[in-house]
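S.K.: This is what each chain is made of:
Protein chains: 4
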Amino acid sequence: MCGIYGVVGQEEASNLVYLGLYALQHRGQEGAGIVSSDGKMLYRRRRPRLVSESFDEGSFKQLPGDMAIGHVRYSTTGTTMDKNVAPFLATGSCGTLAVAHNGTLVNFPSLRRSLEAEGALFQSTMDSEVFLHLAAMEKGDSIEEKIQRSLPKAEGAYSVLFLTESKLIAARDPHGFRPLCLGRMANGQPVLSSESCAFDLVGAKYEREIQAGEMVIIERNGEMTSIQFAKPKERKACVFEHIYFARPDSFLFGESVYKTRLRLGRALARECNVQADVVIPVPDSGMMAAMGFAEESGIPLQMGLIRNHYVGRTFIEPKQSIRGFGVKIKLNPVRSVLQGKRVVVIDDSIVRGTTCRKIVKMLRDAGASQVVFAISSPPTVSPCYYGIDTPTKEELIASNQTVEDIRAYIGADKLVYLSLQGMYDGVKGKPSEYCDACFSEKYPTKIELPYLESAQGS
Amino acid sequence: MCGIYGVVGQEEASNLVYLGLYALQHRGQEGAGIVSSDGKMLYRRRRPRLVSESFDEGSFKQLPGDMAIGHVRYSTTGTTMDKNVAPFLATGSCGTLAVAHNGTLVNFPSLRRSLEAEGALFQSTMDSEVFLHLAAMEKGDSIEEKIQRSLPKAEGAYSVLFLTESKLIAARDPHGFRPLCLGRMANGQPVLSSESCAFDLVGAKYEREIQAGEMVIIERNGEMTSIQFAKPKERKACVFEHIYFARPDSFLFGESVYKTRLRLGRALARECNVQADVVIPVPDSGMMAAMGFAEESGIPLQMGLIRNHYVGRTFIEPKQSIRGFGVKIKLNPVRSVLQGKRVVVIDDSIVRGTTCRKIVKMLRDAGASQVVFAISSPPTVSPCYYGIDTPTKEELIASNQTVEDIRAYIGADKLVYLSLQGMYDGVKGKPSEYCDACFSEKYPTKIELPYLESAQGS
Amino acid sequence: MCGIYGVVGQEEASNLVYLGLYALQHRGQEGAGIVSSDGKMLYRRRRPRLVSESFDEGSFKQLPGDMAIGHVRYSTTGTTMDKNVAPFLATGSCGTLAVAHNGTLVNFPSLRRSLEAEGALFQSTMDSEVFLHLAAMEKGDSIEEKIQRSLPKAEGAYSVLFLTESKLIAARDPHGFRPLCLGRMANGQPVLSSESCAFDLVGAKYEREIQAGEMVIIERNGEMTSIQFAKPKERKACVFEHIYFARPDSFLFGESVYKTRLRLGRALARECNVQADVVIPVPDSGMMAAMGFAEESGIPLQMGLIRNHYVGRTFIEPKQSIRGFGVKIKLNPVRSVLQGKRVVVIDDSIVRGTTCRKIVKMLRDAGASQVVFAISSPPTVSPCYYGIDTPTKEELIASNQTVEDIRAYIGADKLVYLSLQGMYDGVKGKPSEYCDACFSEKYPTKIELPYLESAQGS
Amino acid sequence: MCGIYGVVGQEEASNLVYLGLYALQHRGQEGAGIVSSDGKMLYRRRRPRLVSESFDEGSFKQLPGDMAIGHVRYSTTGTTMDKNVAPFLATGSCGTLAVAHNGTLVNFPSLRRSLEAEGALFQSTMDSEVFLHLAAMEKGDSIEEKIQRSLPKAEGAYSVLFLTESKLIAARDPHGFRPLCLGRMANGQPVLSSESCAFDLVGAKYEREIQAGEMVIIERNGEMTSIQFAKPKERKACVFEHIYFARPDSFLFGESVYKTRLRLGRALARECNVQADVVIPVPDSGMMAAMGFAEESGIPLQMGLIRNHYVGRTFIEPKQSIRGFGVKIKLNPVRSVLQGKRVVVIDDSIVRGTTCRKIVKMLRDAGASQVVFAISSPPTVSPCYYGIDTPTKEELIASNQTVEDIRAYIGADKLVYLSLQGMYDGVKGKPSEYCDACFSEKYPTKIELPYLESAQGS
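Chains as they are written, first to last, in my numbering: chain F, 1 to 458; chain B, 1 to 458; chain V, 1 to 458; chain D, 1 to 458.
Wrong hints could be hidden among the right ones.
One copy or two, either will do: identical chains are not told apart, so a pair holds if it fits within one copy or between any two.
To be verified - Simulated pairs of lysine-lysine, DSSO-like, Cα-Cα distance not exceeding 30 Å:
1) 442 / 430
2) 341 / 319
3) 259 / 330
4) 233 / 430
5) 361 / 414
6) 259 / 341
7) 393 / 446
8) 446 / 330
9) 430 / 319
10) 341 / 361
11) 414 / 428
12) 139 / 319
13) 414 / 40
14) 428 / 358
15) 139 / 153
16) 430 / 40
17) 205 / 139
18) 259 / 139
19) 319 / 40
20) 259 / 414
21) 40 / 442
22) 341 / 205
By construction, these hints were calculated from the structure, which means they are not laboratory data.
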């Protein structure tokens, strides 16, 4: 999962992109980067850190110009190598070109092999780099023509921003897996963002989504041309964006994320026939669904788990005395809320089950007399190949165990998942318009075997 | 405001204190320090940073031993100087002694002057250092005797932990301004903490508060002796701990903070006669009061403001284009919740009014048709001299303006403060048992003019 | 100017390359990098710093394997961009390939343009990256075949090391501009180094130079094959290596650098008819020539200038009181040696003249009654295009002014340069075997206009 | 060993002290600190690093004012604790006072114990801190009076600078063990330095030494008063300053260090009856003595060992393949100078013998047919208690072994030490005027047992 952001026609363009990335930080905490242009040259800074840690006072002096794009990167793999932090940038026949990409290309391995056979040299193992090579190898009189011709070769999920010395180009794959929004700054100039929540901070207004298969070319003066680079296929918006990934203050695929989550909670309450004294969210992921659940069920909402806002990147556990912190450092139970109570805990999904198991134990230790776990989505049975970094099938507990097995493992008195039907009631969309492969194993495209790493380091 | 923590009889004592400080981080983000003892020597590490940034893997090797105390420091003054980060430590007639202190000594200036006249040399400008000099200058056969005799000379608020090579000593001032709790680790050994919420993480159980005027001497083997070093005066527990400072999952002055805040919210709803469509908290400070308010008033609770969890220490604003972020980087409105709605916003207090003013504007910009600001405490009219870092009277808006003036300044349609009576209904205590000087200007002790800085640096 | 180093068949290969780079640090202080191979993957670490600052305890764990190459980089341009620090590394049709290069390709601009036209994308602005693209675009069954075929396309100076997962390949241009030596480790395995001085530290023995136009392919087991990839042209060894660049403890182009510099000093003494009381070197560059000069002239050698060994990378000058440090921070005069004396100062060359001017003033201030400046090489009249980072003609003082003008500018009583004939007496070589373009403006090859930067950053 | 520096009446005082410390860096590489005064407050910055690493552009803004003192610290003990880096600073009855001290107090343990008994609290384990407590505990109407009365209580070696908000005070112990010079800046204001070499860089002129037992009080306007705070005892200048410690461009105890070392070398040549082909120095410590030796003996001087100027603080050795670097990373032999030659190596002293042993092996490996080691001072048999950080008697090889044993251990063909008589010929002083305890075990004062550490950390 990643977030992308781009502005045109702005003094301090790189500083504005930094603000946008700040608001998109939830989409990727492993790295942040910005490329700016002053009409003559591109300037880059990228770091394997949070946005707030990647840039300082001096950074924006080294990122001059009135156009810029940025990227926040998410990865579950151990250490993020510097070379894999976006935006990517290279110089070739079409001048210098930078790219920031959200999504995953399912045909990356075969694309890369064929590009290598033509003599292309790769600097990273990220599929995003492919966009640069495809454009460089393509025929065309202009960079936009090269990009337009090369994009149809990429298959899978991509919302992507390109920056040259004089243009910002945005495009979205024909299925429209990942979001990409167009807004307007106070001075009328366009701004692009993965989510609409990143418009508020810079004072921009949401205008519309970039359409599936659409490519938008923005000149340095803000002039905008829209091209359909590929015929749109059936929309396959990622339903998990609504369930978990996007921020609740975003407006996504035509709907408010906040309200969608309330509805998911209400649908869950209807499906979950349970007697209880309190409904509590796993903060903050289960918050809105818990509110919807409380409202529909009439069971009062309480904050039975308090989130520690000061959790850092690293946490040093004692070697011998106490072990297995993890969730305990992030969440603390409120005994006065839980003591002697029948509790329904709400969260958005279960991945490995280890966190849920710790939460159940924590609630019981704090005196809960009954713990029901209710999940505002169906069982996650299969990995995502379109940009969300879910673990393999082996690691996904619902891929290998029944709901009853999972309940026993996490130690809850009852475990309820929302049905697929209930989920679609919540998102208010037609099932055919969403990709729900993580719940249904129905992948909208072919999937290739992964590309393997052959070099490491800085 | 500060937080203190201490353990005895624990392998990896410093790592456990680190865990405790992690859970007390909300009491001070400007600095963190730990002193440990292995029975032979004291070891210290302190940094002007968050707990998570102040210690790494190697830190605890340099903090060996089975006893340790720690401190988190709060300060509104610009840069925190290294030399002012606690615990303080010095060597003298009584060996090496470290001190971690929560509170403020109202007679620090006169105490310091008289100690200097006797030849004492000060390294910092913190009142906490006084405890070391008082003990060193005191007569007595043992360090505990020296401390016992010297404590009555200190006036004001102090919950304090001392560490020598072989003892941990805890004490609380005769008014009991600041909290200090005693718990038990799984192995039965005592643990001390500013708040009970820091017991959960290390698996300790809350036992009792250290009493006002009580001094507890704990030997390396855990043996504990309690002494009344001064006759307790009338209890003057800080009511603001319940309203704002303490974590909701703590048990404080005999009451659950969480439940107290719910009651404050309910009392506020009763006093606040208002028609509205939604109640929203300023997250997270107004959360529990908003829940109580919603419950009592029947107006539905919504999360109309979303908190950005990735806000760093520094934030780089654009120089020209957009200015005056501040709260915008921390909070974002949810348009779908606010559009066309009559909103009641709940927070715990108003200091300067600037944040409230920005929030009101933000809510109106997001479409709120009416904004009522309701505060779960009375107007803050006077600074605290007992350990909370409130600004001067000049800066406290309620010290200089009427409620109507404040309402006009922040731009709300209505502004409601909880009454003193309503507050005491909420905290369920006798007014005489609390210090409410910030609301009433009735200070339980004399106050001296402040001590001035004469040196700066590392 | 740069230094390169490579080993095969060594446990801790990367640590040994680090030692080699340490000994080659004088050839480049702007950056250091190492790439290692464990037979399966390449690992890289590079930093824009000194060798001692670029690697720490943990670095070599992340550079595993029994083969490695390294590079130290020199640059006069302001900040070194991370992306321009070698070794370069990329993955393509021929697997993953790394390159470390000493020298400059005179046809880099045209080579790059034609590679870009074929679709190649460049990550840096360094000519060294061209070697990777040339090999990737070349036909051939193996990587060594591709390299062998592609090298003849490069024109200019290059001593170069390649590393693949399973081979180390060394090559030297047909003119042999820059040195490259082959040695043997204690275990008989080959080791490659820019200079022989870097063999001593790792306990290796000097064996021979890599020949002009020779390419040596070394398998992981140490097996070595030598190929002549191009017919050697007339040898054009860089004479400035002997005069200034190489370390005196190196054996270079068949001669001891130390002895060569003594002979240059003797030749200078013969040409420089001067009466004086003391000969002093500019430490350390003029040391050996000064010893030769003293010996030949009979004038006693003294250390009239003391070098400060603790000069850091940055030096903070007072803003108003005193200005224009520069050489004063590095060198200090010894008044007791200079007072009332007629002094001959020896250095290897004059670039802009500003340092000499400061030295003359410093010597006079310290009481020298007469200052003769004697230079152990002819006037530097023209820039180097083969790897030494001399300034442009505009900046080279001898390019624009007569010897008398320079003397007047630096304020010396007399200024003597060694003649071209004297220089060749010193180096004991045939003039036709050396490139002396910086003194003669006779460039052995064509020179293209430089390639311009189009992107900056990390 | 340490270096101290102070200026008065200078804009950018702290920046000038930084320059002075730069030139005194050879006297201490373990820490650097500066305290400045703007007439109202003292400002401090200190770091456990080199001068060049301890201060940056912004540092001097935080060290404002027209008066400043500084200190460079030397220590052989593993890690330097922050708290032990000078200058020390504390606030007491006499306001805020800072101190920078070169030397060691032989009665520190008893002084500290008696100060502690009076209630003093110590922050460090450095004897320098004692000066602050002595002054604070002393009676007197002014700070200068308190210092004047307290200094006679300190026994041993001390050249010391004090800074208050409005005065700089310099003093030197009655024996005059360590140097302390007074100079004049271009604007006529006084400047103080451990060595005269630190005057050149700031454009100051050497005026005189501070006398033994003298105390100089300098007002903010530069007005200077000299007081004899104690009757001078017999001068006991440290002879080792001339032999090794001071920089050759300093003028010390009335003599040029450079010329003194030439004379020591000449004296050594006269005592050392040896046939050889070349004389080589161990650079740079043996350089001047080697020049004197060569001159007197007629044996030609060569630079047979080349010093690597880029040696960093840390150096990472291979774990298995090669071990025991140490001197090899700093020095490299020049085979062309040594091959087949009978060599005399000159150094200033032998401490443990391990370095000499490695040098002898290195020279033989490079082909030397005979290696004579000649030392320009007598055997170092006993530790210094006056400020030079020599090892204990157990570690001093000459304390436990005969010259013949040492020769055998280091593997030289012959080992020659300069005689005591020869040394005094070299320094041109009366033996009674020097402390030569490290050679003679005749300590001019009583020595107490050392004070032990009781706390560690930051």
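S.K.: List in ascending order the numbers of the hints, as given earlier, that are violated by the structure.
M.R.: Per hint list: 2, 8, 9, 12, 13, 14, 16, 17, 18 and 21 violated.
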